Every structure is written in C-alpha cells, then in structure tokens.
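If you read the sequence shown in my numbering, its first letter stands for residue 1, the second for the next number, and so on.
Hints were generated in silico from the structure; no laboratory data involved. It cannot be assumed that every hint is accurate.
[Stated by the list, open to error] Quick list of in silico lysine-lysine cross-link-like pairs, PhoX-like style, CA-CA up to 25 Å:
| # | residue 1 | residue 2 |
| --- | --- | --- |
| 1 | K792 | K816 |
| 2 | K510 | K443 |
| 3 | K166 | K77 |
| 4 | K944 | K919 |
| 5 | K816 | K919 |
| 6 | K904 | K850 |
| 7 | K77 | K333 |
| 8 | K443 | K321 |
| 9 | K523 | K333 |
| 10 | K333 | K296 |
| 11 | K77 | K22 |
No experiment lies behind these values; they were computed from the predicted model shown.
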Amino acid sequence: YIGPACLRFCSGRGHCSRTGCKCDPGFSGPACELASQTFPAFLSEGFSSPRLSSYHSFSSLRGAEVSFGCGVLASGKALVFNRDGRRHLVTAPLDSSQARYLQFTLRLGSRSILSSCPAPDQPGEGVLLHYSSDNGITWTLLRHYAYQGFHEPRIVSVELPSGARKFGVQFRWWQPYHSGRGHDVWALDEISMTSVLFNTISLDFSNVLDVTQSLGFYLGNVQPYCQHDWTLSFSGEPSPGFSIRYVETQSMQIGASYSLQFSLVMGCGREPSPHIDTQVRLEFSTNHGLTWHLVKEACLPGMPSCSEFTAPSVYHPSEFKDWRRVTLLLPQKTWSSATRFRWIQNYYGEQDEWALDDIYIGQQCPNMCHGHGWCDHGHCRCDDGFSGQDCQPSSPLSSSVLSDFESQDALLATWQEVIGGEVVAPDMGCGVVSSGSSLYFSKAGLRQLVSWDLDTEWAEFVQFYLRVGGDWAECNQADSREEGVLLQYSNDGGISWGLIAEMYFTDFIKPRFVHYELPLASKTPSTRFRWWQPLHSGEGYDQWAIDDVIILSEREKHIIPMANPTLPQNFYEKPAFDYPLNQMSVWLMLGNEGMERDNNNSFCAPTPSAMVFGRSEGDRVAVTRDLALRPGYTLQFKLNIGCESEFSASAPVLLQYSHDAGRTWALVREGCYPGTPGTGVCEGSGRELREPTVYNTGDYEQWTRITVVIPRNVAASKTRFRWFQESSVYRDAPPFALDGVYISEPCPNHCGGHGDCISGVCFCDMGYTVEQDSCVPSVASPSELTEGFEGKLSPLWQSISGGQIGGGCGIISEGKALYFSSAGRREARTAPLDTTNTRLAQFYIRIGSKSLGPTCTRPRSRNEGVIVQFSTNNGIQWQFLRELDFSSFLEPQVVTIELPPPAKTPYTVFRWWQPQQGKHSAQWTLDDVLIGMNDSSRTGFHDKFDGTTPLRHNWYRIQGGEVTVDCLSLDNALTFNSEAIDSK
1 YIGPACLRFC SGRGHCSRTG CKCDPGFSGP ACELASQTFP AFLSEGFSSP RLSSYHSFSS
61 LRGAEVSFGC GVLASGKALV FNRDGRRHLV TAPLDSSQAR YLQFTLRLGS RSILSSCPAP
121 DQPGEGVLLH YSSDNGITWT LLRHYAYQGF HEPRIVSVEL PSGARKFGVQ FRWWQPYHSG
181 RGHDVWALDE ISMTSVLFNT ISLDFSNVLD VTQSLGFYLG NVQPYCQHDW TLSFSGEPSP
241 GFSIRYVETQ SMQIGASYSL QFSLVMGCGR EPSPHIDTQV RLEFSTNHGL TWHLVKEACL
301 PGMPSCSEFT APSVYHPSEF KDWRRVTLLL PQKTWSSATR FRWIQNYYGE QDEWALDDIY
361 IGQQCPNMCH GHGWCDHGHC RCDDGFSGQD CQPSSPLSSS VLSDFESQDA LLATWQEVIG
421 GEVVAPDMGC GVVSSGSSLY FSKAGLRQLV SWDLDTEWAE FVQFYLRVGG DWAECNQADS
481 REEGVLLQYS NDGGISWGLI AEMYFTDFIK PRFVHYELPL ASKTPSTRFR WWQPLHSGEG
541 YDQWAIDDVI ILSEREKHII PMANPTLPQN FYEKPAFDYP LNQMSVWLML GNEGMERDNN
601 NSFCAPTPSA MVFGRSEGDR VAVTRDLALR PGYTLQFKLN IGCESEFSAS APVLLQYSHD
661 AGRTWALVRE GCYPGTPGTG VCEGSGRELR EPTVYNTGDY EQWTRITVVI PRNVAASKTR
721 FRWFQESSVY RDAPPFALDG VYISEPCPNH CGGHGDCISG VCFCDMGYTV EQDSCVPSVA
781 SPSELTEGFE GKLSPLWQSI SGGQIGGGCG IISEGKALYF SSAGRREART APLDTTNTRL
841 AQFYIRIGSK SLGPTCTRPR SRNEGVIVQF STNNGIQWQF LRELDFSSFL EPQVVTIELP
901 PPAKTPYTVF RWWQPQQGKH SAQWTLDDVL IGMNDSSRTG FHDKFDGTTP LRHNWYRIQG
961 GEVTVDCLSL DNALTFNSEA IDSK
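Whole structure, please, built from the sequences with the hints as guidance.
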C-alpha cells in the first residue's frame with residue numbers, strides 16, 4: 001500500500017488501506033487502539049533457563065545467551081550479549097499504565113581486557129533504552145548508558161515518563177554498534193516493571209505503616225526529637241541485665257552503585273556518659289542476621305592495603321551533637337541478594353539518647369550529590385547554595401583560608417567543624433606552636449578540624465605549623481603511628497577522603513612548619529580539607545596542636561596591588577585610595593602582632609595604619625604572600641624599632657625572602673663590604689657596597705622609610721618576604737612597627753629617595769615637588785659644603801650616625817673634629833647638593849692610630865676602612881667614590897677626590913661610612929670637609945677683601961689667616977699673625 005497515512009499508523013496493529021485500518025485479530029477501533037485481550041501489567045524476569053525460546057515476556061531477543069559470561073549480576077546466570085549481528089532485547093507489549101518504575105541490573109563489560117566480558121571501548125557501543133507504544137514503528141529514547149560506565153553490575157531504576165505509562169508499551173535495550181563476537185560485551189539481569197521500587201528503603205518516619213514494613217527495632221520509638229518532627233529515637237535507661245538497643249532493616253538485594261544515607265543525632269546537646277563506649281555502630285549481615293560486620297572498617301596508617309584512610313562506621317557522640325547527614329557508598333562486601341543493615345548501641349546511660357531520620361538505601365545519585373544533597377530514588381535534592389543534578393555550588397565558594405587561631409569566635413566562622421579541640425593561650429596546651437595562641441586537641445572522642453568547602457581550582461598549597469605531643473602532661477607524646485595526624489581532602493562533602501599527607505607521629509615532637517603542594521585531584525570548585533587524628537588513648541593523652549593554617553588561591557595572588565593614581569601628587573595630597581600593602585590581602589601571616597597584654601600601653605609612635613609587633617609568644621613575624629616580581633621592583637616600608645636611641649646588636653629586624661614557600665629564608669640583601677668575598681650579588685667591579693637588610697635597634701628611633709631595590713636573585717616567579725625578629729630568644733627585644741609597605745614597579749630614579757613609590761608613580765614628601773616624574777627639592781640645593789666642625793653644625797648634614805664633635809683621635813686639621821666611636825652604625829651623610837659645576841670633595845681623615853690608646857685603636861681588617869660614596873636618589877642606591885684603606889690613615893691626612901661625571905647632578909648626596917659595626921671597630925675622625933670649587937676655570941682674579949664676595953668663593957684654602965683692618969693699609973686685608981697660626 002502506498003498512499004495517505006492512516007490514523008496513527010493503525011497503532012502498528014493493522015494494515016492500512018484506502019478505507020482505513022484493517023485491524024489484526026483481537027484489535028479494533030479507528031486506529032486499532034482497542035484490544036479485546038489484556039497485556040501483562042507487570043514484568044519480572046531473572047533469566048534462569050538457558051533455553052531462549054522459553055522467555056515469553058519478550059517479543060525479540062537477538063545476539064545473546066544466558067550464561068555466567070559476565071559473572072553474577074543479581075543472582076545466578078544473566079542474559080549476556082556477546083554474539084555477532086544485531087544485539088537487542090524487546091519486551092512483549094505491556095500495560096504500564098499503573099507502573100512507575102522499570103528496574104534492571106546492567107553491566108557493560110568488566111575492567112579486565114582478558115575476561116570473557118570485555119568492555120565496549122568506543123562511543124556508540126553503549127546501550128540505549130527505548131520505548132514504543134505503536135508496536136515498534138516509532139521508538140522514543142529513555143536513557144543512554146554510555147560505554148565507559150557500568151564496568152561493575154549496577155541496579156538501574158528508571159522512573160517512567162507519562163508517554164511510557166500506557167496500554168501496549170514495549171521496551172527495548174539495544175546496542176547500535178559493536179566489534180563482533182566476543183567484543184564489547186554487555187549483560188542484563190533481574191528486569192522488572194513495578195509500581196513500587198523493590199530493593200529501596202526511603203523513610204522520613206511520617207508514615208508508621210512504611211516504617212513497620214521496612215524496619216524492625218528494639219527499645220526505639222517513632223516520635224518528634226531534637227527539632228525534627230518525626231524520627232526514630234532511642235531514649236530512657238537501660239533495663240537491668242540486657243542493654244543493647246538497635247534498629248534493623250528487612251533483607252534487600254544490594255548491588256553495585258547502591259548507597260546508604262541517614263541523619264543521626266546523639267544526645268542533642270547532653271553530655272555523654274563518661275568512661276563507657278556509647279557509640280552507635282552501623283553493621284550489615286548477608287546471612288539473615290547470623291553474623292554482623294561493620295559496613296565500613298577502619299583503615300588507618302600502618303594497616304596493609306588501604307586505598308584510602310577512613311574511619312569505621314562507628315559514630316561517636318562528640319561528632320553528632322546536632323543532626324548530621326551521613327552518606328556511605330555500600331562496599332562490595334555488602335552486595336548480596338539478601339542484605340540487611342542495623343544501627344546498634346551496645347552500652348548506654350540515661351543521657352545517651354540518639355535518633356535516626358531520613359533513612360535512604362537505594363540507587364546511588366550522580367556523584368553522590370557531592371555530599372550536598374539528599375538522595376531520593378537516584379535524584380538529588382540539593383542543600384541551600386547548591387544546585388544542578390549533582391549539587392554543584394550555585395555561586396563560587398571562598399578560595400582561601402588564613403587562620404591564626406587567636407580567638408575562639410573567629411574559629412567557627414573559618415572552620416566548619418572543630419571537634420575535640422579549642423583555642424588555648426600560649427602558656428597552655430602544647431605551648432607556642434607558631435606564635436600566640438594555637439588550636440589544641442585533647443578531648444575524648446573524635447579529634448578533627450574540617451574546613452568549609454573551598455573553590456580550590458587555582459589553589460597551590462596548604463601550609464601550617466603543627467606539633468604532635470611533647471614531653472609534659474598537657475602535651476603527651478603519641479606512641480603509635482595511628483596516633484599521628486592525617487591531612488586529607490574531600491571533593492564530595494566528606495563522603496570519601498583522599499590523602500595529602502600523613503604527619504608521622506615522631507616527626508612533630510617539636511613544632512614544625514609544614515607546606516604541601518595540593519594534588520591535582522584536590523583542585524575542584526568544592527573541596528574541603530581535614531586534619532584528623534585517627535586514634536588516641538583518650539582524654540589527656542596524645543594531644544596535638546596546630547597554628548597558622550593557610551590555603552591560598554593563585555587567583556588572589558595579585559602581582560602587585562595596583563592603585564590608579566591619576567597624576568603624581570605631593571605627599572600631603574596623597575590619594576584617598578592610598579594602597580599600602582597594609583591591607584590583609586597581601587599578608588599571609590602575622591605573628592605576635594599587637595602589644596603585650598599585661599602593659600596596656602600602645603606603641604611609642606603610633607600611626608593609624610601601622611602594624612605593631614610587640615608580643616613575645618614565639619617569634620615576631622610578618623609574611624607576605626607569594627608575589628611575582630621582576631628585578632628592579634622596589635619594596636618600600638617605614639620602620640620604627642621601639643623609638644630606642646640606644647644601639648643594640650641583639651634581636652635585629654631581618655628582611656628576608658623565600659622562594660620555596662617558606663621552608664628556607666635568606667636576607668633580601670647580604671651585606672656587601674670591601675672585604676666580602678666576591679660571590680653572588682657582591683661580584684665584580686660594578687658592585688654596590690652597602691649594608692645588609694638587617695635593621696638594628698637604635699638606628700630606627702624615628703619612623704624611617706627604607707627602600708630596597710629587588711636584586712635579580714630575589715626576583716623569581718614566586719617570592720614571599722618576611723620581617724622577622726627572634727623575640728623567642730631575646731625576651732626583652734623592643735617592639736617594632738611597620739607602616740606604608742609598598743611593592744611596586746620601579747619609579748623614575750626611585751622618586752629621588754624623597755617619596756613613596758606606589759604602582760610606579762611618585763608621591764613626594766613635604767618640601768619636594770614632582771619633576772620628570774621624580775621628586776626634587778622645591779628650593780634649589782646649595783652648591784657647596786664647607787665644614788670645620790668648630791661651631792654649630794652646618795644644616796647641610798642630613799644625618800650623622802654614631803659620631804659627635806670630639807677629640808678622641810687627637811687634633812686632625814685644626815680645632816675640633818667629628819669623631820666616630822659608637823657601637824652601632826657609623827656614617828656621616830650630607831643633604832642633597834647641586835654638584836653640576838663642583839670639582840672636588842676634600843677632607844681630612846684619620847682612621848685609628850698606632851699609639852693613642854683605647855679611644856683611637858688600630859684597625860685590623862679591611863672592613864674597618866671608610867668608604868666614600870655618592871647617591872643621586874638619597875641613598876637608595878650608592879655609587880663608589882673612594883675606599884680609604886684601613887691601614888693608611890693612622891695619621892691625619894688630607895684626601896682630595898675629583899668628582900666623576902655621574903656625581904655631578906643637581907641632587908647628589910655624599911656619605912662617609914665604615915662598614916664594620918661594633919665596639920671593636922677602629923674609631924675614626926673627619927675634619928675640614930669641603931665639597932666645592934667651581935669647575936669653570938677663571939680668566940682673571942680680583943679680591944679687595946672688602947666683603948663683597950665670601951672668601952671661599954675666591955680662595956681654595958686659607959689657613960691661619962683672617963680678614964681684618966690692617967694697621968698699615970688702613971683697609972681690609974688678609975692678615976696672618978702668630979695667634980691665628982695653629983701648631984702647624
């Protein structure tokens with residue numbers, strides 16, 4: 001027949017003709033939709049007979065045999081599809097109008113390639129499940145079982161859509177492609193179509209009939225408990241003689257991909273009875289209750305063949321003070337055709353109540369709902385904040401943890417659960433672990449610390465300080481491997497845990513810094529971490545403590561916080577969005593911040609934004625995050641060490657860097673002295689002689705800005721800095737404070753050393769203005785310095801450290817001199833001078849002596865010489881003028897230095913500096929310093945001594961003479977007389 005189509009193709013049950021449908025026997029109606037016969041309303045087939053012709057429930061069965069070729073799927077043999085040609089199974093027509101589920105056990109190959117059940121290995125070799133309501137003319141897809149899943153047998157439940165719930169429906173399992181006999185094998189077993197799911201328990205205790213059909217229980221009641229309206233709760237005192245109480249399920253068929261889920265609460269806030277084991281155990285039996293085993297056995301360090309370390313399915317009251325959901329994948333040992341489960345409490349007192357709610361045993365959900373939802377017949381009901389078919393986070397989660405355990409309140413905001421631990425002061429528990437307080441675990445029951453779920457896709461590492469046991473009662477040493485601490489991660493909300501590291505119990509008797517790269521498997525949009533001590537000997541034994549936990553995401557690793565300064569501005573108009581790194585964002589860890597608790601005073605020179613480090617529980621430290629730097633970047637900060645003027649070499653503040661995430665630290669710049677062997681940064685003739693990044697007490701009495709240009713060896717891809725003061729060793733170290741910490745790409749000439757460099761833009765100090773993007777003095781610099789140290793010091797000395805006017809080394813040129821003898825830094829530094837036309841620097845100097853005794857001792861080493869340097873950016877970088885050799889100036893000598901072209905700038909600073917500090921360095925003395933003499937050679941000379949021009953503008957040097965009215969010339973004259981001539 002070729003022609004117009006009949007109504008609904010006669011439902012596939014009649015011939016079409018011009019006059020309409022000619023129905024097959026037993027069917028009638030315009031579309032042959034009415035049947036005089038009935039179709040079976042349910043289907044149940046277990047494939048036990050090897051004769052294929054005996055299966056009347058199926059209208060077509062091709063390419064299969066009944067055998068054990070793919071092992072046992074549900075029970076006994078299964079229908080194995082392993083032949084040539086088409087492979088499919090089609091049911092006879094069914095009446096599915098009252099049915100709700102199609103359930104069957106499916107296996108697509110096995111994990112082994114050599115078995116008689118090799119798995120499909122290409123797309124298209126999966127299995128399709130269709131239904132048809134018109135006798136196979138049109139097929140509608142219900143499910144696709146992809147080729148790479150189902151290597152273990154799985155019980156599959158399909159909820160039927162409305163189109164598949166009608167009279168005369170057929171179902172078809174079909175593999176479209178395969179590679180021939182014995183390849184891409186799959187198998188089916190235990191096919192059923194029902195209105196209720198077999199092999200599933202799903203109870204919320206609101207319907208008592210359901211409960212009594214599925215569960216048997218002893219000493220329990222269905223009643224409201226602990227804010228849940230209907231639960232199965234166990235309370236009351238034990239009766240004498242027999243104390244166990246339990247709930248047990250009926251026997252059910254359990255297969256691969258089954259899971260068990262329930263809510264449990266223990267005590268609901270009441271303390272458990274001490275010294276008895278009130279735990280609730282979850283057990284299973286595969287022999288109708290003759291023997292029982294734990295659903296999950298403990299798997300701990302030191303045990304053989306553990307794939308992952310897990311706790312057993314034994315639940316302790318410390319973990320279940322509130323309702324908690326527990327989800328378990330049912331392991332292979334629980335799979336059988338008749339498995340039953342029970343929750344049992346063997347010992348209890350009157351206060352050890354417990355209750356169950358929301359029990360579900362059945363088809364596993366996709367990815368176990370990632371631990372963030374309830375599983376219901378294979379579908380997820382997600383918790384708040386999670387969505388999708390497998391409960392992914394609805395919005396991105398936080399991606400870092402920075403926890404210093406200084407307050408109990410902050411604890412619960414940062415951590416999801418802290419069980420068995422509490423924040424303790426530094427003199428309690430296991431003492432100081434990193435600095436200040438720590439989180440100390442000592443209680444009975446479970447001891448673990450669990451983070452919230454984090455977005456770790458970009459996280460790099462986890463680091464913390466840990467101590468496991470010690471040698472006193474509050475910190476007692478563990479004595480077996482299971483009493484160490486495990487660091488684990490979970491991507492599914494705590495259902496399964498992967499190992500990051502085992503902290504071996506003998507390695508942490510002293511506090512240690514620990515840093516682990518995160519494994520790739522732990523970088524997901526929702527991962528949590530836990531520190532867990534699997535076993536311990538009870539309250540007061542095997543204690544441990546943790547401090548300064550940091551998990552950081554690369555996504556938050558700004559290279560450098562960028563401010564957006566519009567124009568260079570002067571210091572006092574600093575932008576409101578001033579970006580010192582004082583924001584928490586750049587600090588990884590601050591130790592001993594703040595002042596001592598007992599003396600409630602504030603820092604001696606407080607500023608609103610300063611960070612003060614004054615407590616001494618451990619070392620004082622500020623650590624930045626890992627930054628991506630380039631050579632030449634600048635690190636700037638202001639430092640004040642206790643407003644102390646008294647020099648002390650103990651407990652300096654060190655500025656250090658680390659490339660390996662804090663395992664090893666080195667000074668950002670080692671000292672580079674003339675006597676230093678030529679290695680590293682201190683090589684070559686172009687080396688810059690300067691002090692190390694060690695800041696001593698006494699040198700930083702005022703707030704001092706320090707600018708460090710990052711050397712090449714420090715600027716690696718990831719560098720973290722720390723300011724470090726060993727206050728654990730030096731108990732009375734003065735507090736120090738940091739302010740205005742900036743890390744920035746370099747500014748032009750580093751702002752001339754007179755401004756803050758923020759994001760490559762200069763903000764100048766008071767009295768300086770912006771010129772060519774750098775900071776220059778608002779008034780022109782003087783062009784000459786002459787200083788004889790006789791009266792008041794010239795204002796052109798910017799700073800004189802470690803020296804004062806004195807005669808400890810005798811008379812140098814004439815009269816008084818500048819004498820350097822202190823124990824700290826010894827340096828004389830000028831203000832910026834305009835040296836564009838200046839020719840030379842000249843001065844008298846003496847370094848030690850042969851015979852003047854202890855006030856002017858003889859120098860012994862090269863580093864006791866004096867270095868003369870100049871800087872064009874106020875001391876950020878120093879350039880070399882002259883090294884005055886330590887042994888050549890035992891008598892006073894005059895030194896003349898012709899200024900090289902680089903030293904002739906409008907803002908040049910000079911310094912005289914003795915590298916070696918300390919009491920034992922030779923004292924030295926400066927006198928008659930002159931930086932001057934005009935460069936341009938004169939064409940003539942005229943001086944009437946009438947005071948119209950200062951003497952020094954015409955005369956290079958006058959000794960022993962002065963301008964007076966002379967008796968003979970009756971005019972001003974330059975007079976030399978005996979009183980003025982000194983001993984020379």
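Going through the hints against the structure:
{"no.": "1", "hint": "K792 - K816", "result": "holds (11 Å)"}
{"no.": "2", "hint": "K510 - K443", "result": "holds (21 Å)"}
{"no.": "3", "hint": "K166 - K77", "result": "violated (31 Å)"}
{"no.": "4", "hint": "K944 - K919", "result": "violated (51 Å)"}
{"no.": "5", "hint": "K816 - K919", "result": "holds (23 Å)"}
{"no.": "6", "hint": "K904 - K850", "result": "violated (37 Å)"}
{"no.": "7", "hint": "K77 - K333", "result": "holds (20 Å)"}
{"no.": "8", "hint": "K443 - K321", "result": "holds (15 Å)"}
{"no.": "9", "hint": "K523 - K333", "result": "violated (31 Å)"}
{"no.": "10", "hint": "K333 - K296", "result": "holds (10 Å)"}
{"no.": "11", "hint": "K77 - K22", "result": "violated (43 Å)"}
In this structure, the earlier hints numbered 3, 4, 6, 9, 11 are contradicted, and the remaining ones agree with it.
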